[in-house]
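Peer 1: These are the residues of each chain, in order.
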Amino acid sequence: MPLKSILIFYLLLIIANSEAQDPLSKSNNNNQIHCNFMATSINEHLVNSLLDLENIYNSLKNNERCPNPPESFIQCFKNQACNINSSLFSMLEPVLKWRKLTTSDTCGHLSKGESDCYQNLTQGIWQNLVLYKDFIVSSAKYIFVSENKTSNILHLLRKMKNPVTFIKSLVTSILQAINEGIKYHFSCERWEFDDFINHGKCLAPATSWACANCNQHLNAFCGVVGYILGQPLSSFITGFLTGAISGTVEASQVASPAIKNFFLSIKKAKEAMISPKNITITSAGNVAGNATPNLWSNYQDAMADAFWGGYSGGKGLALNAAYQTGGQTYKEAFFVFKMEQHRKEVAEVGKKYILDNFTNNSTLDPQRLVDLYDEFINHIHDINKINDPVIRAKLAAMYGKSKNIQTTIDELNTQEMALANNFFKEKNISTAEQAILHSVEKGADQVSRYLATREVTRLSVDLDNGSVPVSVDIKHIRYSNEFGRAMTPPWQPYKGINPSEAFKDMTLEMADTYLKMKFPTVYY
Amino acid sequence: MNVRLISLPSLLFFLSLFIILLARTVVAQTTFEVNGLTVSLKLPQNWKAQSNIMGYPLLLSPTDQSTDSLMLGITSLNATPEADLDSMLIDYKLERLPWLADAKGKLIKFEKPAIFEPGPGVSGTVFGISYKISGQLFSEKSYYLRCKEHSFSLKYLISSEEEKYIPTIEKIIGSFTCL
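Chains as they are written, first to last, in the numbering used here: chain D, 289 to 812; chain E, 383 to 561.
Next up, chain D with everything else stripped away, as it sits in the complex (with noise of 0.2 Å):
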């Protein structure tokens, strides 16, 4: 299903490119949608996995010329564009009417027999649009969930004076962005920018897609579209809901930032898996080679389980990812990529902090203390351990016979503070300077995990289509002694006598200073 999704937002990337016209109407009047078009089929044509995916595009880049002279994705996908667009139309017929607009369709609903992408990208499409009533009511720890949701509505409701062209703006924008994914998943060759924060622009784009015919266009997008229903789908309608993101703008800058981190994260794994250099020794001593079919059939459960766990699972999950071996290396190229982004966060903004918090002071010296807290994080951080053969043996060994997690991330953290002392003797650092470097690097650790389980809650929101999410304790998170930074450190925190209380306000602290650098740009 993935592998399908991809390909949908192949297809609506090039729409994207193709020339400034308006595939949804053929009438001058602004007030009705008319579908003219035949229905093109492409059951025939569905992609099942993602090495489809990659076998289209392989095949298109291979081609120096394009053998035929290539359709436009915007001729190839209006019959599609035309039935999304009337479909949801009919579902703000109680908007419409309430508000007293008025407009015609003569498009009629959603037609039956295509491929159910189509009517999967509506559905989505309208579940972002709409409030979950059953979640609304019986969602308690995460009563924020809501609010994103609620300012879209009344964003949108604000939005509504011409309904038809909102909806058929809506809609082509959503076709843009996701040819835009499937570019950022496959075809572009250098990007703006790479750090943790933004990637910036296509500056390379592939040509190779501008030589697809309507069936890859078509199973481009419908290979990408289910990758687009969650968090990307709801931060993309955002934007356009707010007027960030209108039809009109270029491609390579509708795609939002929760887009290009997703594909990020798949492109990385992929490279990964492909290059034998970047995978690890696995928990059984073996090397893994290149990607099998049985890996890119699995693809679609890496990307499934680093929405769901992610980072923010810590060492259980990682351990868990760390034990499998063969067609499951896999899962664990997608999660030292994780934990990579992990522990450049916790740097930087543990950085940050520092010099934000010791400039003016008189007896300690800040670019000291960031230089030290650098290399303290490269020390100690669990990217390395996941990485070292023999640790990776001796936790594997001790997993694999007790299956008893806890256990082994207790074996962890003792490495850990041994690691850390070592450290600490070498560079000859005062007990002071130990006691900030702790303290910052637990705060940075514990204010990046709890975002990223925020992100995973939100998620699970969209993707259950308002179910409860999954239950996550948020102080648990905040609090988690699962890094070996335990309620109750063996050193001494910088602030305060009771570590409860110092961690409650450096976290409350280090979160401002976080989210200024995870969201620079909407800070003046």
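Hints in this document: simulated from the structure, not taken from any laboratory. Among the hints, erroneous ones may be present.
[Stated by the list, open to error] Below, computed lysine to aspartate or glutamate pairings styled on EDC-like, alpha-carbon distance capped at 16 Å:
1. Lys475/E x Asp800/D
2. Lys491/E x Glu522/E
3. Lys475/E x Glu435/D
4. Lys494/E x Asp659/D
5. Lys475/E x Glu797/D
6. Lys546/E x Asp446/E
Based on these hints, arrange chain E on the given structure of chain D.
Peer 2: Just chain E now, with coordinates in the frame of chain D:
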């Protein structure tokens, strides 16, 4: 003293006018259904209500078409947030900032969360955020209220041009009770 009295027809005319003007501003306590629960609000005459729009159980809006995009949404919840205000503010920020980033907006400020007790039997907290999107200033306020063992969310979104309606909306929210 020769006092000229107003004629009876004139008196009736002005009286009628007064009553009409009064009627336009009279606020009536009105009951509404919100997810099976009955709530009561003082709704001005020039406001309208609609149930079940896009999943919102109750939406209130001015009747004037030039401002009918201004909305106060009301829904029930199964619980209200129960943490200290600082922690809740972090949660609120963590929820809203990614949204604002998606909206390509700029943060003006988060309102300091506060306890809100409009009247006997109703209490809760209020959160708020102001931001700019495409140069336009918006403010949101969210009230999480408990009333007779039930929880409710009341929320409005308003642009800077509509700020004159804030006192009216706050009055409506302040009149909230449940039956």
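Peer 1: Taking the hints in turn, state whether each one holds.
Peer 2: Cross-check of the supplied hints:
Between lysine 475/E and aspartate 800/D, the direct Cα distance comes to roughly 9 Å. Compliance with the 16 Å bound is thereby established for this hinted pair. Proximity of lysine 491/E to glutamate 522/E is assessed by CA-CA distance (about 11 Å); at most 16 Å being required, the pair is judged to hold. Under the criterion of a C-alpha separation no larger than 16 Å, the hint pairing lysine 475/E with glutamate 435/D is consistent with the structure, at around 11 Å. Using a Cα cut-off of 16 Å, the hinted pair lysine 494/E and aspartate 659/D is violated, with the two alpha carbons roughly 36 Å apart.
For the hint linking lysine 475/E to glutamate 797/D, the alpha-carbon distance of about 13 Å falls within 16 Å, and the restraint holds. Of the supplied pair hints, the one linking lysine 546/E and aspartate 446/E holds, its CA atoms being roughly 14 Å apart against a limit of 16 Å.
In terms of the numbered hints stated before, the structure departs from hint 4 and from no other.
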